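Visitor: Residue strings, one per chain:
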Amino acid sequence: MRIAIAAVVGVVLAALASVFVVQVSNASQSDPVIKPLYNYGSR
Amino acid sequence: MMGRARHGVAAFTGLVLGLLAIGPGLAPGFVLSFDMVFVPDPAFSRMTFGLTGTVPRHVPSDAFVTALATVLPADAVQKLVLLAIFVMACTAAASLVPSERLAPRLAAGVLYAWNPFVAERLLLGHWAFLLGYAALPWVVGAAARAGEAGGGRRLVRALIPAAIGGFAAIAISALTALAIAAAGRERGRSLGRTAVALVVLSLPWLVTGWLRPAGMPGDTVGVEAFAARADTPFGALGSLFLLGGAWNRETVPAGYGAPVTAFAWLLVVVAAVVAYGWWCRTAWARGVALAAGAGFVLAALGAVVPWLLRWAIGLWPGFAVLRDGQQYVAPLAVLVAVGLGVLVERVMRVDTARTDTAGAALAIFAILAPVVLLPSLAWGAAGRLKAVDYPAAWAAGRKIIEADTVPGDVLVLPWATYRSYSWNGGRTSLDALPRYLGRRVIVSDAVMIGSLTIRAEDPRARRLDEVVRAGGPLTEGLRAAGIRYVALDAETSAANPARGRLAGADPVLDQPDLVLYRIEAPVKAEDGGAPVWSAVLAWSIVMGVILWSFFVPASTLSAYFPRRPRRRRTP
Numbered sequence: 002m003r004i005a006i007a008a009v010v011g012v013v014l015a016a017l018a019s020v021f022v023v024q025v026s027n028a029s030q031s032d033p034v035i036k037p038l039y040n041y042g043s044r
Numbered sequence: 051m052m053g054r055a056r057h058g059v060a061a062f063t064g065l066v067l068g069l070l071a072i073g074p075g076l077a078p079g080f081v082l083s084f085d086m087v088f089v090p091d092p093a094f095s096r097m098t099f100g101l102t103g104t105v106p107r108h109v110p111s112d113a114f115v116t117a118l119a120t121v122l123p124a125d126a127v128q129k130l131v132l133l134a135i136f137v138m139a140c141t142a143a144a145s146l147v148p149s150e151r152l153a154p155r156l157a158a159g160v161l162y163a164w165n166p167f168v169a170e171r172l173l174l175g176h177w178a179f180l181l182g183y184a185a186l187p188w189v190v191g192a193a194a195r196a197g198e199a200g201g202g203r204r205l206v207r208a209l210i211p212a213a214i215g216g217f218a219a220i221a222i223s224a225l226t227a228l229a230i231a232a233a234g235r236e237r238g239r240s241l242g243r244t245a246v247a248l249v250v251l252s253l254p255w256l257v258t259g260w261l262r263p264a265g266m267p268g269d270t271v272g273v274e275a276f277a278a279r280a281d282t283p284f285g286a287l288g289s290l291f292l293l294g295g296a297w298n299r300e301t302v303p304a305g306y307g308a309p310v311t312a313f314a315w316l317l318v319v320v321a322a323v324v325a326y327g328w329w330c331r332t333a334w335a336r337g338v339a340l341a342a343g344a345g346f347v348l349a350a351l352g353a354v355v356p357w358l359l360r361w362a363i364g365l366w367p368g369f370a371v372l373r374d375g376q377q378y379v380a381p382l383a384v385l386v387a388v389g390l391g392v393l394v395e396r397v398m399r400v401d402t403a404r405t406d407t408a409g410a411a412l413a414i415f416a417i418l419a420p421v422v423l424l425p426s427l428a429w430g431a432a433g434r435l436k437a438v439d440y441p442a443a444w445a446a447g448r449k450i451i452e453a454d455t456v457p458g459d460v461l462v463l464p465w466a467t468y469r470s471y472s473w474n475g476g477r478t479s480l481d482a483l484p485r486y487l488g489r490r491v492i493v494s495d496a497v498m499i500g501s502l503t504i505r506a507e508d509p510r511a512r513r514l515d516e517v518v519r520a521g522g523p524l525t526e527g528l529r530a531a532g533i534r535y536v537a538l539d540a541e542t543s544a545a546n547p548a549r550g551r552l553a554g555a556d557p558v559l560d561q562p563d564l565v566l567y568r569i570e571a572p573v574k575a576e577d578g579g580a581p582v583w584s585a586v587l588a589w590s591i592v593m594g595v596i597l598w599s600f601f602v603p604a605s606t607l608s609a610y611f612p613r614r615p616r617r618r619r620t621p
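Keeping their order, the protein sequence lines are chains C and L.
For the first sequence, the positions run 2 to 44 when my numbering is used.
For the second sequence, the positions run 51 to 621 when my numbering is used.
Keep in mind the hints are simulated off the structure, nothing from the lab.
Any given hint could be a false lead.
[What the hints assert, rightly or not] Where chain C lies over chain L, by a calculated footprint (3+ residues, C-beta under 8 Å):
1) 409–416
2) 420–426
3) 457–470
4) 493–503
Keep in mind it's a predicted model, so treat the numbers as computed, not measured.
For each residue, glycine too, the CB sits at the ideal point set by N, CA and C.
For reference, chain C alone in the conformation it holds in the complex (with noise of 0.2 Å):
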């Protein structure tokens, strides 16, 4: 039982890598934000 509950577990974490890097990679191909010079930060 708990050798299946590790199988799942490891393949839910392989999973939600996979959908971490797609949505790294496409936040990273976002249009370029003109952002104020000098400013500290934005909320």
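Following the hints, put chain L in place on chain C, whose structure we already have.
Guide: Using the frame of chain C, we list chain L on its own:
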């Protein structure tokens, strides 16, 4: 695994995490990110010790870096400090897990060193604050035993990273240590020793800040600007619970907060908190829970009841320390890390009579989960922490100023605190000239966040604000204010109208990365900071107490209270 070896494994794991996180920032050069500015060959000055009348947020961290840079290259000092944060965080959190097994300790260490809190504060450049965060689990251990013989000395040693970090690092350490002292045995003695240790180690910034003639700043605009914000689908409070929620949208790691991974991270955090509540019932564990709860409330104030915080700051400006509330989630990070460690311990404890492959596999997954769910912290937060070299024009400017024997200060234009230097890839950072140049450098320290502006705190900058913003000729006004040089480190083209306002000043350097004008015969001007004697006294006391904590025996009675075996680091 027993003895020092298990601490060694945790330290090595922390080092690997640090190498992974800093990535390209480890190349030769300097990483400039928001408030993190390191410069080559930093020199001790009145600013280093908070004696220029500015708010001493950089005290004593700048002095620590400057001292280290006398024996190491300054860029190496920066990398050393950043890696030390990860090594300390992993080692300290691992040492707090009540388990003899390695896996539970590593699970806690990895989560504590690799989570949204660390990622956002690192990108925000709060390295000094992270020193205190990294050592917080050690503070937990020391505070839990503060009432014992030698407890005061142990607590002082545990607080040294926070003391180096300065105000914010001490604030989270104080919250945690006082809660633990209050929840433990020998409450009176523990609270007394903890309070004294905290006050003494705060003296370098406490004294210079207190004696600052301009008084305590407390702009209520900052309440709205620095309040926690949602960086997950669970709102500001949910984001704080998940150890994120820092005010600055630009410091959220790429991809963090997406529904699927945010939900998975929520499951990890909830499981860890439940495990902590279920199995951690010792006095120090209650203290950590108390600190985590109080910290969460403080963190949420600006987002939930901003009017209350504004009212409190109006009552006493000191409450402005609660504006950037997300930093007070740090004790919750300790709780979550220990909770995950305890959960792994319980999973592994089941059926230990035989080799349990599934238990080991689950433990490995728990150790890896924080990294899998936040991979964009890796490689310099996906390329956002990069080492760069200062331009040659800056070195030329420094040479010119150092060779000049006429006293006078430096004013930096454009009149703003933060820059997006092209040579730093356009990434936001504090203006680096105040640390780069040996003279007193005046920049406008008013902070712009979106459409909000938090007014300047440096009295010299406030006095010069009218002159600079007036739009007319600058030279005579700056001469009267004691300015010897005007430096333009952005918008250096000939079309910059600021150049036309400097008629009568001599251009001594004109390069794309730095333009320098010299003003003849500036009037002598005083900063009006705290007196030097106050800093000398504060530093003498702090250094004396730190030396005492290492070298002086606890008391003549210490022989009757044998120290616990070294391997028992868990309080």
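Visitor: So, for every hint listed, does it hold in this structure?
Guide: So, going through the hints one by one against the coordinates:
Interface restraint, the region 409–416 of chain L with chain C: holds (4 residues with C-beta to C-beta distance below 8 Å; minimum three). Beta-carbon proximity to chain C at under 8 Å applies to 4 residues in the region 420–426 of chain L; the threshold of 3 is reached and the given coverage holds. Counting residues of the region 457–470 of chain L whose CB falls under 8 Å from any CB of chain C gives 6; the rule of at least 3 is met. Beta-carbon proximity to chain C at under 8 Å applies to 4 residues in the region 493–503 of chain L; the threshold of 3 is reached and the given coverage holds.
Violated hints for the displayed structure: none, as all numbered hints are satisfied.
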